[in-house]
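Protein sequences appear in the order of chains B and A. In terms of this note's numbering, the first sequence opens at residue 156 and continues consecutively. In terms of this note's numbering, the second sequence opens at residue 60 and continues consecutively.
Source of the hints: derived by calculation from the structure; they are not laboratory data. Beta carbons: idealized from backbone N, C-alpha and C, even for Gly. There could be a bad hint or two in this list.
Computed list of lysine-lysine pairs in DSS-like fashion (alpha-carbon distance at most 30 Å, straight line) [to be verified]:
(1) B:LYS267 x A:LYS312
(2) B:LYS267 x B:LYS523
(3) B:LYS444 x B:LYS267
(4) B:LYS523 x A:LYS221
Over the 12 Å line for every Cβ pair with chain A, so calculated as not near, a few chain B residues [what the hints assert, rightly or not]:
(5) GLU166
(6) ILE228
(7) GLY236
(8) THR356
(9) ALA407
(10) LEU411
(11) TRP414
(12) LEU465
(13) GLY472
(14) SER485
(15) PHE533
(16) GLY565
(17) THR570
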Amino acid sequence: MTNVIDNVSHEPVAGRAPLILGAPDFHAITEAVAQPAERATPLAWWLFFLPSLGMLGILGLAVAWLVWEGIGIWGLNQPVGWAFDITNFVFWIGIGHAGTLISAVLFLFRQKWRTSINRAAEAMTIFAVMCALLFPGIHIGRPWVAYWMAPLPNQMGTWPGFRSPLLWDFFAVSTYGTVSALFWYVGLIPDLATLRDRATTRMRRYTYGLFALGWRGSARNWQHYETAYLILAGLATPLVLSVHSIVSMDFAVAQLPGWHTTIFPPYFVAGAIYSGFAMVVTLMVITRKALGLEHILTRFHFDRMARIMLVTGSIVGYAYAMEFFIAWFSQNPYEQFTFVNRAFGPYWWAYWTMITCNVLSPQVFWCKRARTSLAIHFVVSIFVNIGMWFERFVIIVTSLHRDFLPSSWGMFYPTTWDILLLIGSFGLFFTMFCLFVRFLPVVAAAEVKSVLPAADPHHATGQRATPAMAGRLAPEGAH
Amino acid sequence: MSHDRAVAVDPAQHRGKAFGRLTGVGGALAVAGVGASVALAGGTPQFYFSWLVAYLFFLSIALGGLFFVLVLAVSRAGWGVSLRRVVENVMATLPVFAVLFVPIWLGRHELYAWARPEEVAKSALLRGKAPFLNEDFWFVRAILYFVAWSALATFFSTQSQKQDETGDERISARMRGIAPVGIILFALSTTFCSIDWMMSLEPEWYSTMYGVYFFSGAVIAIFSFVILLVQFAYTQGALRGVVTTEHLHDVGKLLFGFTIFWAYIAFSQYFLIWYGNIPEETVYYMKRQVGSWQSVGMLLAYGHFLLPFFFLMPRAAKRSSALLVIAAVWQLFMHFLDLHWAIMPVLHPESARPGFVDLAAFSAVGGVFLAAIGWVSSRRALVPLGDPRLPEALSFENV
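For reference, chain B alone in the conformation it holds in the complex (with noise of 0.2 Å):
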């Protein structure tokens, strides 16, 4: 696609810049997002696929020797009895962050750049939160029982701990994940319509018409989807915020020096929207280039995108210098001794690995050159995301593995199964966003429409809104 005009080098004051370039028309938009989905399988695509298929393999054999042998098979001892398995779990959560973020808050605040990545940040919440719930179910040591974490009628004798953090991650993940799925499906429907309407064959269209549930494109469809979708966004919103704050209080309410800090919650929070807007950068500079759609995903999206890490980078930022100073603050000497064992003890390279990562890496942000490479997007991306991995790495292991006894002391070291583990949780991930970019459309080509300038019912050249347009025109800000 062409870029006829470019949307970052200069950004009007008054007035806005152009969010998709090339001027296209609605069907020209529709083009672009349906085609992916309805040509023949391109190489690439393979490329993509079958090493992801390939690490999803690894997972499976981790998960069945895990069954098989039992949690011996990873590096877990005492006093380090929670390593690798809650620092996946927990970093898979937060990447899901993002698309909550984007679909909902970015809706609620009239932010229309968001209609570009909205869907595929909403799909990758999703598969997300699936490697998330992966790991408690299998940490328990017994997985064929993992159900006796929900909160089943006790006519088995048990029941549930109600005070505990680890019931909460059950409601809150379960209730997000829940959300998640409905709030993109909702999305989808119009777009899944549109791929019905334009199917060739008649496996494609029953398939995708199955799933349209019989979507007409008239004003009533249209309004009524509308009041849903703020609604769930309305309700997606709290979520943002709710599941990675009890999240942190698995580790928070604990009375353990490095988790029982009141900060937990925001900065949490704030984490994971990090870590979700850094994997939306690694996916999407990937995608857009393979789909051809960097006339719609823009480098002013990313330019958007940048900024958003660099705010949620600095909050970190700022709780990581939080702790310290009230760890110093407090005179209490476990406090102290806890913190300056994480950046000077023997796990100080996985301390600086995430400063350095989380809050040096995007500060490359503050130029403007920066935050419009796609180079540079992609490389301090996958800084944060290893960044943020090791955070949470850093926040588990350091403050378990020299608690108040010295005689009690251990180092934790991952074995083999650990990290085929979590390679395999990244298998599932890219199989899953491999798979959604083949067979669904990528960006939410309905809603893009509404912020092209021929949506504005003021709009003088030629192309008149059709009634679903004026439908679309009413939701950024209704509420």
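On the provided structure of chain B, position chain A as indicated by the hints.
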């Protein structure tokens, strides 16, 4: 929606003179307040504590104003331009708070245990904290906050005013360029001023959330206060047609959102301390469960969150001037109570003892604050006339 429909703003209609009356009223309140509080309790701990509560209450409104202005600049917000000047005028009072700080400096020994050598001698903890909690460094930090706040407030205020005449787009760009740095300064100074002036009242106690807690209250305060100022401008015949129901609706949404945010922060802090049940932390809440402090705490939970949550939820409430004013007055009162509840148990551990000194100090600080707003406002237009995004703000609609 940004259709640049031409909407004419008549500068003559939106002169800051509308706020001129505040100078007189504020001045009178200030004189009466200072006189009454000195006569009633001059030099006693009660005087200093009451002053501190009132001071932080109005300071938090002004700091909230600074935050609002910074966020509007950094996010290139279009909708908020038409009410930005009102917020700027609140922010512009920040330098005055350096003067209002004098009684707190005078009363530092009455207010802060760590500033009393005999207490420090008794406590190993306080001796350990002395590198941070000592009079000199505490004073230097205060100076740094005032320098940062005054510099930011003056910069944004004067630049915006300059744009009234020139309409220069580069001023918007410049403000946007400085705003991110301003936000960092704001975050650090707000956090540490709340630690210095409030948290250190109980110097053994600590919470990493404290700065965020203070911030969340400040944001509620500014949104509430803006609603009241706009209504006041309406009564003076200004801002009508410029700040419309649409803008107030948005401010209402923000007030609603940050009411939830306050509850989230307050609950998280309480909950984690309650659950951890470590004596050196629970002491803070134990103190606030004594006598009538317990009821004040419950009133905050219901009154600062639950009631306004349901009150502000309907769309109609956010689009009705009368209902918004009720919510704003109520939330400001609750914010005051929140600060009172955070500070006063140190002086009156046995029970809440609100009194005339509190009222007098409130009138003194509030009078100066209002007079400053009146004085700043009356020297310029009430609308940023030269802002290139003003047309966008004027035609803004919540659909």
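Cross-check of the supplied hints:
1. B:LYS267 x A:LYS312: With Cα atoms ~19 Å apart, LYS267 of chain B and LYS312 of chain A stay inside 30 Å; holds.
2. B:LYS267 x B:LYS523: 21 Å, holds
3. B:LYS444 x B:LYS267: 22 Å, holds
4. B:LYS523 x A:LYS221: 27 Å, holds
5. GLU166: 8 Å, violated
6. ILE228: Given a closest Cβ separation of 33 Å, the condition holds.
7. GLY236: 19 Å, holds
8. THR356: 40 Å, holds
9. ALA407: 5 Å, violated
10. LEU411: 9 Å, violated
11. TRP414: Nearest chain A Cβ is 9 Å from TRP414 of chain B, so the label is violated.
12. LEU465: 8 Å, violated
13. GLY472: Given a closest Cβ separation of 10 Å, the condition is violated.
14. SER485: 5 Å, violated
15. PHE533: 23 Å, holds
16. GLY565: 24 Å, holds
17. THR570: Label holds. Min Cβ-Cβ 33 Å, cutoff 12 Å.
Hints 5, 9, 10, 11, 12, 13, 14 from the list above are not met by this structure, while the remaining hints are.
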